[in-house]
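J.: Read off the chains here:
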Amino acid sequence: MGETNEPRRTERLPEWLVEGLLRLGESAIALIVGLAIGAIIMYVTGYDAWLAYKSLFGNSFLDSYGFTITLSYAAPIMLTGITFAVGVRAGLFNIGAEGQLYMGALGAVIVGWLAWRIGILDSVLGVLVAYTFGVLLAITWAYIAAILKVKRGVHEVVSTIMLNWIAFWIVEYFRVYLIYNPSDPSKTISMPPHARLPLLVPDTELSAALIVAIAFTLYTYYLLWYTVTGYELRASGLNPLAARYAGIKPEKAMITSFIVGGIASGLAGAGEVLGRPPHYAITTGLSNLYGLGFDGITVALIGANHPVGIIFSAILVGALKAGSRYMQIAAGVPLEMVRVVEGIIIVALAVPGTLRMVREYLRRRRELAELEKR
Amino acid sequence: MDAHVAWLFTVSVLNAMTPILLTALGEILAERAGIVNIGLEGIIMLGALFGVMAAEAAHGPLPGLLAGLAVGALIGLLHAWLTAYLRGDHIIPGVGINTLALGLVPFMLIVYWHSAGQHQVPDYARVPRVAGISPVTVFAIALAPIMWWILFRTSWGLAVRSVGENPEAADTVGIRVERTQAIATIIGASLAGLAGAYMSLDWLATITKEIAAGRGFIALALVVFSNWDPVRALGGAALFGFFDVLREWVKIMPSVKAVVPDTLLNTIPYLVTLAAVAGVLGKVRPPRHVGQPYKRE
Chain L
1 MGETNEPRRT ERLPEWLVEG LLRLGESAIA LIVGLAIGAI IMYVTGYDAW LAYKSLFGNS
61 FLDSYGFTIT LSYAAPIMLT GITFAVGVRA GLFNIGAEGQ LYMGALGAVI VGWLAWRIGI
121 LDSVLGVLVA YTFGVLLAIT WAYIAAILKV KRGVHEVVST IMLNWIAFWI VEYFRVYLIY
181 NPSDPSKTIS MPPHARLPLL VPDTELSAAL IVAIAFTLYT YYLLWYTVTG YELRASGLNP
241 LAARYAGIKP EKAMITSFIV GGIASGLAGA GEVLGRPPHY AITTGLSNLY GLGFDGITVA
301 LIGANHPVGI IFSAILVGAL KAGSRYMQIA AGVPLEMVRV VEGIIIVALA VPGTLRMVRE
361 YLRRRRELAE LEKR
Chain B
1 MDAHVAWLFT VSVLNAMTPI LLTALGEILA ERAGIVNIGL EGIIMLGALF GVMAAEAAHG
61 PLPGLLAGLA VGALIGLLHA WLTAYLRGDH IIPGVGINTL ALGLVPFMLI VYWHSAGQHQ
121 VPDYARVPRV AGISPVTVFA IALAPIMWWI LFRTSWGLAV RSVGENPEAA DTVGIRVERT
181 QAIATIIGAS LAGLAGAYMS LDWLATITKE IAAGRGFIAL ALVVFSNWDP VRALGGAALF
241 GFFDVLREWV KIMPSVKAVV PDTLLNTIPY LVTLAAVAGV LGKVRPPRHV GQPYKRE
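Chains L and B, in that order, are what the protein sequence lines are. Going by our numbering, the first residue of the first sequence is number 1, and it counts up by one from there. Going by our numbering, the first residue of the second sequence is number 1, and it counts up by one from there.
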């Protein structure tokens with residue numbers, strides 16, 4: 001009976017809402033496929049998948065402390081998700097969030113190093129300077145890829161991956177030789193105590209970095225849909241030729257997109273240093289930063305490259321990251337399993353228009369049934 | 001530099017260029033047919049992983065190399081299904097495969113070998129070498145002219161190139177566009193899988209979670225650098241291999257070590273890749289229909 005009511009109801013809904021719901025459905029299916037195949041892998045390798053997921057989601061969503069960790073992880077990957085999404089909106093595959101995030105974190109730690117020497121920076125001012133310097137370094141990093149793309153035609157997938165690796169080794173160089181921690185070889189020097197972001201909930205890892213992340217994410221929504229710059233950016237992404245005929249320069253839109261992406265990743269990297277206890281630093285091998293940029297790609301794809309979708313998908317992926325610790329403790333499953341699930345989700349999202357195909361199939365079947373009735 | 005050192009250096013360059021060359025040759029074939037696969041990095045990692053598992057299980061290197069090929073072929077099949085048949089995006093599946101590999105390799109290292117980070121390959125599973133040179137290297141170097149011959153001197157090669165240049169025209173003259181693209185993609189991806197198995201079973205004799213270290217993407221850059229020409233890819237791979245080895249060699253030279261820290265020397269292959277792709281690009285021309293889904297009217 002539901003089937004006969006459905007078409008009339010969807011026809012009354014506005015098109016953008018139908019599209020949005022379909023996209024939400026696709027993300028939900030991809031998520032289920034990812035978790036299901038993840039469960040199969042756990043089963044094959046001898047783990048209790050049910051216990052793993054129960055401890056993962058139970059702790060990351062239902063436990064109040066666990067949920068603060070979920071939100072604390074949502075903050076950086078929301079921003080790196082914006083980096084990828086703003087790229088896609090301009091027709092780019094900017095997978096350089098990882099390296100830009102490293103540079104953002106490096107900028108913040110350098111300011112922290114200065115703050116131990118210049119007293120005035122050990123304050124809110126230091127936080128602002130650290131954010132600014134981190135973002136500037138990240139923009140520089142993104143701008144290299146932008147210029148290579150626009151002037152030399154270098155594909156951004158190749159250039160940003162190379163820049164990610166170069167950034168990794170530059171930060172390692174700084175960590176080992178310049179901004180090392182004299183009392184703890186496993187990390188760089190930490191931000192001094194007053195140049196840190198306040199915690200939103202005491203004795204957790206959840207800092208004001210989350211507010212920065214949500215504010216910038218909402219700003220990109222405004223930028224993309226309510227400004228001329230954003231309109232030009234999206235128009236160039238949808239059809240660069242048509243945009244050019246309309247007097248828009250796609251090259252300019254690409255550069256804008258790289259810069260906005262650089263700001264987002266820079267905020268993410270600096271925010272990790274300024275607002276994540278207990279280190280307030282970069283750890284050996286960048287282990288506290290590693291992967292946050294790539295997680296952004298998952299976040300953006302699940303969130304349909306839309307800032308509002310990204311806020312929710314960042315919380316979801318943040319929960320996977322936060323819960324993976326509990327999963328490792330309770331079910332013994334190595335926490336890398338979460339990245340496997342992420343990969344499967346992305347591949348599942350690459351299946352074009354699953355729900356559209358289903359809708360099309362149902363429509364045809366219904367029409368056939370009506371024909372047969374006559 | 002005496003002859004022995006020169007020979008050692010040459011062998012090192014051959015070692016380092018082999019995986020990049022194999023991967024790039026495969027990707028040239030796929031991109032000539034119009035399919036971009038950025039999941040090469042992940043395929044190398046998974047080829048390396050399952051290569052070791054198969055070689056240890058079967059007590060010999062050959063099943064390991066075949067397993068690498070098979071893993072690549074399977075992922076290529078998935079990629080071809082998503083891109084050629086379902087006409088989906090070319091980049092997203094690759095991103096997914098790379099993410100999957102980034103998780104699965106360290107996961108399996110812990111689950112299968114109970115080791116966090118790396119596993120040494122036992123001697124019985126290593127590929128034997130003749131005069132210090134791996135048979136896989138010989139195969140890779142021989143494959144470059146063979147691939148050129150296939151692409152430019154056989155009718156199937158003509159079909160591949162026409163599908164990548166103008167699928168509508170190819171379709172009109174009766175070439176099966178999707179099937180041609182699928183075969184090219186599967187062969188291409190299987191070569192990346194072989195490159196991975198070569199790295200773990202032959203060159204490095206170990207499997208680590210960062211075994212690929214960007215080589216999949218360096219190979220993608222090499223495809224552009226070579227102007228989608230297998231023979232030029234051979235020269236390019238030698239160049240990349242040279243700088244890769246140079247980095248390792250200057251790192252242990254005391255005179256260099258005192259001036260430039262090793263962390264910065266590690267950036268050499270990536271800087272060279274960027275410079276190569278940025279510097280010579282004016283002259284190259286990609287297949288016209290590369291990376292775009294072919295939608296029949």
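Certain hints may be false.
[Stated by the list, open to error] Non-contacting residues of chain L with respect to chain B, defined by C-beta distances greater than 10 Å in every case (computed): (1) Ile-40; (2) Thr-45; (3) Arg-117; (4) Leu-136; (5) Arg-152; (6) Val-176; (7) Thr-229; (8) Ala-246; (9) Ile-248; (10) Leu-316; (11) Val-340; (12) Ile-344.
[As the list claims (entries may be wrong)] Below, a sample of chain B positions facing chain L; criterion: calculated Cβ distance under 10 Å: (13) Met-53; (14) Leu-77; (15) Thr-83; (16) Asp-89; (17) Pro-106; (18) Gly-214.
[What the hints assert, rightly or not] Where chain B lies over chain L, by a calculated footprint (3+ residues, C-beta under 8 Å): (19) 66-76; (20) 211-222.
Because the hints were derived from the structure by calculation, they are not lab data. Note that the structure is predicted; figures quoted are calculated from it, not measured. Note that CB positions come from ideal geometry on N, CA and C, so glycine has one too.
J.: Going through the numbered hints above, which ones does this structure break? Give me the numbers in ascending order.
T.: 2, 5, 6, 11, 12, 13, 14, 19 and 20
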